[in-house]
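A.B. asks: Chains as they are written, first to last, in my numbering: chain G, 16 to 366; chain U, 3 to 568.
Don't take each hint at face value.
Below, a list of computed lysine-lysine pairs in the DSS-like style, where the Cα atoms sit at most 25 Å apart [stated by the list, open to error]:
1. G:K45 x G:K108
2. U:K218 x U:K563
3. G:K129 x G:K54
4. G:K129 x G:K46
5. G:K196 x G:K45
6. U:K551 x G:K108
7. G:K104 x G:K185
8. G:K129 x U:K551
9. G:K54 x U:K563
To be clear, the hints were calculated from the coordinates, so they are not data collected in a lab.
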Amino acid sequence: MVPENTEEFEIGADLEFFNRRVMVDFSWYKKTTTDLISKVNVPTSTGYSSFLTNIGEMENKGVEVGLTLIPVRTENFSWTSFTSFTKNKNEVKELIEGLDRFPLDVNQVAYVQKGQPFGVFYGTAFARDEEGNYLIEEGGGGILQATSDAVIGDPTPDFKIGFTNTFKYKSLSLRAQIDWKEGGDFSSSGLDALLGRGVTKDTEDRERTFIIPGFYGDPTTGEAILDGSGNKIPNTTQITMNNLYFSPTTNSNTFGINSVDEASIYDGTVYRLREVALAYDLPKKFLEKTFIGSLSIALIGNNLWYFAPNVPKYTNYDPDVTAYGASNLQGIETQSAPSSKRYGFKINVTF
Amino acid sequence: MKSIYKINLGGYKALAVMLVSLSLLNCSDYLDVNTDPNNPTVAPLDQLLTNVETNFNDITEFELFSAEILSAYVHQFVYREEQDQYGTKQDNSYIQNSWDNAYSVFGETNIIINQGTEENEMIMVGMAKIIKAYTATIIVNIWGDAPFSEAAQLGNGVVSPTFDSQEDIYLNALTLIDEGIANINSGEGINPGTQDLFYGGSIPQWTRFANTLKLKLYNEIRLSSMFDAGKLNALVTADNFMSGNADDFEYPYSTTQSPSEERNPLYTDSYLTGQATHYASPWFYEILKGWNPNIHNGVEDPRLPYYFFNQLTAGELPPDVGDPTTGDPKADYWDASTGFHTIRFGSVGPNRDFASRNSTTYPGIYVCGGKYDDGEGGAADTNAGTGAAPHRILTYHEFLFIQAELMQAGLISGDARTKLEEAITAAFAKVDQVVSNSQTSQSVPKLIGSSEVTDFIDGILTEFDAASDDKKMEIIMTQKWVSTFGDPFDQYNDYRRTGFPILANPVGPSPEYQLDNGDAWPLIDSETTLTRPFQVSLFWPQAELNVNKNAPAQKDATTYKIFWDN
């Protein structure tokens with residue numbers, strides 16, 4: 016093993032206009048990590064499950080933009096708005112000889128694969144024909160499993176934007192931060208269970224049947240079945256709401272329990288009211304004769320609201336909940352505890 | 003170092019003290035922090051041997067390992083999961099676990115063999131070689147080509163072991179067994195004693211087991227080009243095989259739950275869970291009942307209550323979903339006359355997936371230390387059974403069946419009929435032995451000496467006498483399949499080698515099953531289906547192929563045969 020090495024190239028600009036009422040902070044970076052040290056899962060036929068080694072080279076490229084606007088600034092009142100935009104593109108450029116891809120955890124879909132972002136999702140997938148239509152099991156009505164595993168998602172967000180607005184009136188200040196995360200897939204067995212067990216309103220409509228759009232396929236060849244005149248046969252097999260989220264047969268995969276890995280992948284776009292804080296600084300004149308240097312009190316609310324447009328509505332599911340914390344495995348949720356709203360009251364006293 | 007802090011001297015003197023102490027310390031290896039005394043890198047060989055035996059046992063176990071699949075393939079249990087209709091997939095976790103365990107056995111036996119050869123611990127080296135060889139043959143019998151010569155060599159830098167040919171692995175394994183027998187009989191090194199879970203360190207028993215293992219392997223390859231009649235004859239002439247069920251090669255389980263769970267995994271996985279998991283095969287049941295028109299017809303097997311436990315009494319309506327108003331049992335397969343309740347292989351019937359925790363039949367006292375079926379019914383819960391039944395891997399009665407097969411095939415001399423009778427009798431004695439060691443609080447009648455057993459053996463032998471040669475082989479293999487209930491690995495091999503026993507075929511001639519309760523809810527044959535061919539080997543674990551660049555492309559498990567499978 017040799018030490019890990021990172022080279023970074025960064026260009027930035029700090030611009031200020033209109034008496035510092037408009038400030039732009041821009042930077043572009045390219046960071047190349049060589050001799051990346053990671054635990055590599057090796058074939059268990061080696062007698063071991065993993066070993067630590069230099070696995071290859073990874074590149075991070077991205078931009079960070081910060082825009083500060085101060086639309087109002089008077090003696091007693093100010094409004095400051097700060098917008099941040101970050102976008103990072105990660106790619107595993109090289110892997111050591113003999114390694115095409117390896118799982119970060121053998122029980123999960125997160126992989127390291129050359130040419131893909133670190134932690135890309137790879138696993139069992141729905142079978143599709145060359146035009147991308149689902150291939151359906153005859154009789155079962157669910158989707159066949161693709162004959163080979165595939166890249167099924169990427170937990171890296173397309174970009175992140177944060178809006179922070181601060182209003183100050185005399186000693187009183189109000190700050191609110193809204194975050195917008197666009198894209199970034201996540202894999203959730205919690206959602207599988209909620210939908211498969213039918214415990215949310217999403218699966219309430221149980222009186223009717225459903226037909227998954229697609230064509231009948233052959234489970235062994237992974238190709239569409241053709242009728243006498245060589246045409247694909249559209250799926251007409253009806254399945255119940257229950258089976259739509261609980262795979263009805265071994266070869267019929269649907270969108271919940273007992274299905275392929277791909278069925279558990281959702282888009283993680285989320286808008287969030289990250290924090291609202293109302294603070295009051297006690298004016299110095301009240302403290303002059305005391306031993307207290309300064310005193311401020313604040314009411315803080317965290318994670319007060321979020322909206323994830325691409326998650327089943329009534330699951331009220333928070334895409335940022337993950338099972339592996341700050342580890343290498345990102346965007347994987349295995350029936351973890353939900354996120355919480357938090358309210359706080361804070362007193363800061365200095366002497 | 004503590005004393006330094008106590009000496010409160012001026013700067014120079016303190017520095018001098020520290021320099022002196024540093025130079026003293028440098029003389030020892032005190033600062034050699036790269037060696038961690040709390041995490042030794044060398045293991046005591048006898049403790050490693052225990053772990054090897056445990057991991058070896060798990061390769062063909064239930065609960066998390068291959069028996070969950072293979073017991074479906076040989077129709078002793080039925081499952082609702084993907085192994086039904088021979089549908090095990092590439093990423094099946096049971097396949098993966100068995101594979102992982104097999105290779106951890108390789109890793110650990112390699113350590114015992116290398117380290118033990120240096121230390122001249124030849125007894126344990128011999129045991130490690132025999133277990134490694136046995137493991138290699140299990141790998142071949144399940145998967146075919148697999149890493150062997152480069153396996154478990156990560157320490158030497160082999161990240162992607164190449165897959166060796168099945169035949170090469172088998173030949174190497176047979177050589178390794180011979181080496182192992184020589185090593186354990188060398189008298190060199192410490193005897194592991196009770197650290198050896200199989201035979202408590204008994205060298206004669208290990209030798210008899212190893213010879214029996216060789217006979218089993220010779221029998222397996224008897225139809226392949228690798229078969230060597232001379233070697234078989236030499237082995238038979240030496241005649242040092244298992245001599246009774248005290249020699250059985252089996253992994254012991256007990257009633258101990260703490261500090262570690264030592265009960266039979268099939269017991270804990272069925273009796274202690276909230277859902278029925280292992281459904282008794284109705285095909286197996288009907289053969290035991292003597293209902294199957296093709297085999298053992300009219301000969302009822304007295305082992306049935308030792309094999310399966312019915313929670314229901316005769317005539318009792320299944321309580322989970324049975325309809326008391328109409329009397330509809332809402333059961334996929336329910337024998338009203340005994341209370342036997344299960345699901346059928348390949349069933350797509352409307353009643354298959356209903357909850358049946360309180361209705362379904364459970365694995366019994368012989369196979370997992372469950373409850374003996376006294377006909378009184380009762381709940382299959384934590385109070386039923388003890389879990390103290392061994393995992394039988396290679397037994398004395400299995401050895402007798404192997405001999406009977408070899409005699410019937412004309413490869414060794416002797417009377418197949420006499421050997422069959424001996425084998426069946428030994429199998430009954432084994433049931434009695436397991437029951438008497440199970441610490442059950444039930445009063446369980448002995449099989450040996452009962453008139454039912456005599457009648458049964460007479461019935462089988464009458465059938466045997468009237469049978470053609472091919473049918474005789476079918477009877478031997480079917481009785482072996484019945485008698486080795488709970489060890490589906492060898493049954494899977496036997497079925498692929500000989501085509502026997504004949505297994506349920508959901509798309510074969512009707513009626514598939516003979517059960518007739520004479521009520522308004524007869525069995526409907528069209529409710530069972532089979533959409534896939536039999537898997538003649540199992541998929542290589544997908545995770546192995548994903549990370550091993552020397553691995554072949556995934557196989558078609560329905561056509562990829564083991565070399566002895568003709």
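A.B. asks: So which of those numbered hints doesn't the model satisfy?
C.D. replies: 7, 9
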